[in-house]
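These are the residues of each chain, in order.
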Amino acid sequence: MTVNEKIAIDHGLKEEEYKKICQLLKRTPNITELGIFSAMWNEHCSYKSSRLHLKKLPTKGKQVIQGPGENAGVVDIGDNDAIVFKIESHNHPSFIEPYQGAATGVGGIMRDVFTMGARPIANLNSIHFGSTQHKKTKNLLRGVVHGIGGYGNCMGVPTVAGQTSFDSSYNGNILVNAMTLGLVKKDKIFYSKAAGLDKPVIYVGSKTGRDGIHGASMASASFDDKIEEKKPTVQVGDPFTEKLLLEACLELMEGDSIIAIQDMGAAGLTSSSIEMASKGNLGIEINLNKVPCRETKMTPYEIMLSESQERMLIVLENGKEDLAKKIFDKWNLDFAIIGKTTNSKKIELFFDKEKVADIPVNTLVENSPMYDRKWKKAKLPKKNKINKDDINNLKIIEVLKKVLANPNICSKEWIWQQYDHTVMGDTIQKPGGDSGVVRVHGTNKAVAASVDSSAVYCWAHPLTGGKQVVCESFRNLISVGAKPIAITNCLNFGSPENEENMGEFVECVQGIGEASSYLKFPVVSGNVSFYNQTKDRGIKPTPSIGGVGLIKDYSKMITMDFKEVDNVVLVIGKTEGHIDQSLFARVILNEKNGPPPEINLFNEKNNGETLLKLIDANLIKSAHDISLGGIITAISKMCIKGNKGINLKKPKYLISEIEYFFAEDQGRYIIEISKKDQKKVLDILNKNAVHYDELGTINENMLLLNEKTKVTIDELKGFNTKWLKDYMSS
Amino acid sequence: MKSAVITFPGSNCDRDMDVALKKFGFKNKMVWHQDVELPKSDLVVLPGGFSYGDYLRCGSMASKSKIMQSVINFANSGGMVMGICNGFQILVETGLVPGVLLRNKYLEFICKNVFVKISDKDNAYFKNINNNILELHIAHNEGNYFCTNDQLKEIEDNAQVAINYCNNEGKIEELFNPNGSLKNIAGIFNKEKNVLGMMPHPERMIDPSLSGEDGSLFFKNLINNLK
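In order, the protein sequence lines correspond to chains G and B.
Here the first sequence stands for residues 21 to 750, numbered as in this note's numbering.
Here the second sequence stands for residues 1435 to 1661, numbered as in this note's numbering.
Because the hints were derived from the structure by calculation, they are not lab data.
Keep in mind that this is a model prediction, so the values were computed, not measured.
Wrong hints could be hidden among the right ones.
The calculated lysine-lysine pairs, modelled on DSS-like cross-linking and capped at a C-alpha distance of 25 Å, are [claimed, not checked]: (1) G:Lys742 x B:Lys1539; (2) G:Lys700 x G:Lys503; (3) G:Lys346 x B:Lys1463; (4) B:Lys1500 x G:Lys350; (5) G:Lys465 x B:Lys1498; (6) G:Lys742 x B:Lys1605; (7) G:Lys40 x G:Lys80; (8) G:Lys158 x B:Lys1605; (9) G:Lys583 x B:Lys1546; (10) B:Lys1500 x G:Lys346; (11) G:Lys540 x G:Lys661; (12) G:Lys699 x G:Lys594; (13) B:Lys1587 x B:Lys1456; (14) B:Lys1498 x G:Lys346; (15) B:Lys1546 x G:Lys158; (16) G:Lys572 x B:Lys1463; (17) G:Lys396 x G:Lys68; (18) B:Lys1539 x G:Lys745; (19) B:Lys1605 x G:Lys737; (20) B:Lys1456 x G:Lys205; (21) B:Lys1654 x G:Lys432.
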């Protein structure tokens, strides 16, 4: 087949990109080469629209061992231990084929982590679906949950936390973001940078099939009416093989045989080989006849673009081939020497004794397109004038019941009970809390992780929203007693070719950058997913932030369940009564306009750090950050979890009770303390200039504001836990 | 006391079991599925996981592994063999314990704490244990125990039911049955009661910071019984 412009455009390349390829090669590429360019230059692999902006994110810090640019980020947690972690999207495939799409998303992110020598110790996910009324939502949710569970459970890695939301902007584009944390010894981290000439290039894992060809290209395009036809571009997962691959790789990594290792993820053999060569400033020569294939008569084009799962590419030290082969034979995995490193700085492919591709590596990587897309700055919306009478006529308990049963607030037990969250025997905080917490095996340390996003805030004002998500992640870690270390981000947006969507991206990234820089909470890994768009309608901007923190002594871990009757409950942080963009405004007032709550980074940092001090001094019995649904929602969840009630009082403010209890002002936490510690706690709060209100004391089983405004915790629990189960079984 | 945990390709609770056995005083050895001989052991454990990906039928391929002939011989000569979760599935495939394990009734993987009632203490696993009810943890997709009426009669006549799902007061009712198991059966013995298969994972409940500590009661009692 002779390549021409039309074929290039069918591969998702732009006219000018095709011209650039011909110029760089000084000739017309053949079909295999065109396939390789299209895979490397698509949005998913090249970050061509985002690179310019991502560069501005803070990526360094005292504990950062490896920032963005490797398979995953790495942070130091002391005693020669390090945590490897990353979040990644698998949105497009999950909409087309929810089970396999979600499963391979989980598989892919775990591979990124164990490629670096780390044993995965925790999985998390952030999943977003269309309106609960939409006809596809239920099946997509079921398929995605089964897929995540199917893969993670089989791997024997606990899924310890997550986030699920519903919003009609995801009707045609669901989001599936998967995150993995792994544990590695600091002096045994493996990287993807090849080094040395004539080193054997090894292929291990599953055989290559025709599945997933052009998966990365699909993930770089909007959906139209023909998405069903794209099913064959979804990869099929085999968690059993990945489990074997994990054990085999870790066994090989115990020795010193590996120079570089890279998993075959998006764009398969193409991107893995090119990345290793590019980082090592070397060339790679591959004999495609040596690649283990599952199907017959696969062409070089298909072999290079297949996204078959559970495969790795390794550059070995000379003479270690037999030792490595023995290990992969033991685990019943394919092992093939398919090529070697060269000094040509080119990727050279051979098939049936002919050279089928000959491309300078730098043309694929450094010379890949980078765009400074046009973008539109968002204005901060005007504050809504909410009619006070509308609010004052509402009955708090009735509103609370509706809020607790709202799909975005209700208990997600139906989901996380399908994930094995206790395998590996180190899960000390299960899903349903502020963060998942796992012990560092055999030590007193524990690692906390959470994943957050606030699409509504980001949609209302991207800059504020971007900051808010980072702050929420910070709070979720602090609430369990963990010191925040670093974050990974998964940036889910519409089309970068649309100025408004691009503006959302640019400003969210700016907000993330500002907050993470101020909080010393750097970004160490991440992924961008654009084109979450059907026809011309994009999703609400949804950056997901995965945060990781350290608890030095896990006996000091905090949970959110109320502990003891008569203990005192305080709210830390000031309540101004911000109702715009709150869940209350949307669900109860049906009001969608107005600005999101403001972020005050000084207060965020000060409130959070002061709470950590209180936790460290053993003064906190339970804690929970305040997010969707405001103070009373947070309190209700603490009551439900602890099977306790509370005598509430509203502090003297000018705002109404409803505003006080449902406002979503930021930087706030609820804490439980014992009466005898009250003076000490208040002294510390005052000394650190942290605002607090006293909310009440814990009772046996009743949320009680006054004789007319009360409800039993059992009743609240019913509203909170039933909705999702009923929805899924209806 | 010496124990051995078999690792099959796809086992993923083998390490957890190793940690638990050692914590309560066993000298444990890990045994690879392609080994032929078992090390000298007082207890052999088939751990949880997804042996061979559970692709054919849970446990069926593992039941034909090289090491399994030795495990079967060991069991037939009276040796203590315990299968947890996938290990239980492997045991039913070998025929060492009767019955089969079907897909959970609601076709979903379940991971949660459950209560089980010990229905027989006349055996080396539960003899002398103070509690009648244990809170344990389950995590499985195929734990729905089933057998024929004839088998059930035989099982009941021989008091081979080890534990049943129940509530915190020990009531055995359908409401407390997480997976649709016949008669709420969560674990079962062979006729001689030296082989135990059960779905719950005691090895995940061995520490106050985990989901609970009733697993500790089980292991402490087990090693004392074996001494």
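Status of the hints after comparison with the structure:
no.	hint	in the structure
1	G:Lys742 x B:Lys1539	holds, 20 Å
2	G:Lys700 x G:Lys503	holds, 22 Å
3	G:Lys346 x B:Lys1463	holds, 22 Å
4	B:Lys1500 x G:Lys350	holds, 14 Å
5	G:Lys465 x B:Lys1498	violated, 41 Å
6	G:Lys742 x B:Lys1605	holds, 24 Å
7	G:Lys40 x G:Lys80	violated, 34 Å
8	G:Lys158 x B:Lys1605	violated, 35 Å
9	G:Lys583 x B:Lys1546	holds, 22 Å
10	B:Lys1500 x G:Lys346	holds, 19 Å
11	G:Lys540 x G:Lys661	violated, 32 Å
12	G:Lys699 x G:Lys594	holds, 20 Å
13	B:Lys1587 x B:Lys1456	violated, 38 Å
14	B:Lys1498 x G:Lys346	holds, 23 Å
15	B:Lys1546 x G:Lys158	holds, 23 Å
16	G:Lys572 x B:Lys1463	violated, 32 Å
17	G:Lys396 x G:Lys68	holds, 18 Å
18	B:Lys1539 x G:Lys745	holds, 15 Å
19	B:Lys1605 x G:Lys737	holds, 24 Å
20	B:Lys1456 x G:Lys205	holds, 24 Å
21	B:Lys1654 x G:Lys432	violated, 36 Å
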